[in-house]
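Participant: Take the sequence shown: its letters are residues -16 to -1, 1 to 148, numbered as in mature numbering (1 follows the signal peptide of the UniProt record, and there is no 0).
If you're looking for bench data, these hints aren't it; they were derived computationally from the structure. Using N, Cα and C, we set each Cβ at its ideal position, and we do this for glycine too.
Keeping only pairs whose Cα atoms sit at most 25 Å apart, straight-line, the calculated PhoX-like set for lysine-lysine is:
| no. | residue 1 | residue 2 |
| --- | --- | --- |
| 1 | Lys101 | Lys121 |
| 2 | Lys121 | Lys47 |
| 3 | Lys80 | Lys121 |
| 4 | Lys47 | Lys79 |
| 5 | Lys121 | Lys79 |
| 6 | Lys79 | Lys42 |
| 7 | Lys42 | Lys121 |
| 8 | Lys68 | Lys79 |
| 9 | Lys47 | Lys68 |
| 10 | Lys80 | Lys68 |
| 11 | Lys42 | Lys68 |
Listed next, with one range per pair, are the computed distances between beta-carbon atoms:
| no. | residue 1 | residue 2 | range |
| --- | --- | --- | --- |
| 12 | Ser145 | Val78 | 13 to 23 Å |
| 13 | Ser97 | Leu40 | 33 to 43 Å |
| 14 | Val78 | Asn46 | 21 to 31 Å |
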Amino acid sequence: MKFVILLTIGLLVVAAIPQRRQQQQQQQQQQQRDEREIPPFLEGAPPSVIDEFYNLLKTDENKTDQQTEADVEAFINRLGGSYKVRFTQFMEEVKKARADYERIHQQAVARFSPAAKDADARMSAIADSPHLTTRQKSQQIQAIMDSLPESVRREIINALSPQE
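Given these sequences and hints, build the entire structure.
Facilitator: Written as structure tokens, this is what we have:
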């Protein structure tokens, strides 16, 4: 009789392990969703739409900027309505932010040491390349940063970090 009870308890425990793992995975996924920053054009969207957007971006790490932009635009066009209007407004804000960044970047480059200017030029060429994927750009820029002397790396990071 004890054997049957122990066997039953053992089977229940074994059966509960996958269910517990599944619950933990679901909790982790929910926590990741809660921690993600929701783009302003997707505020109020159902979690499934936000998940789909982030999955699109993850998949597009292996695509060029132009391909990613086309995929995002197709995604937004499929959603339509207020999402499309908010996305258009968001892209206008992005244009302004890029122009501001470029102004700050040029001011920083003017003060860079020759080594920092050289590194910045190489990284800018990578960032501006229409032929590289997002992943390739990140890897190549990181490789350049990692190869720099600490003083040059600090110079670039400090100059381009937001000033408070």
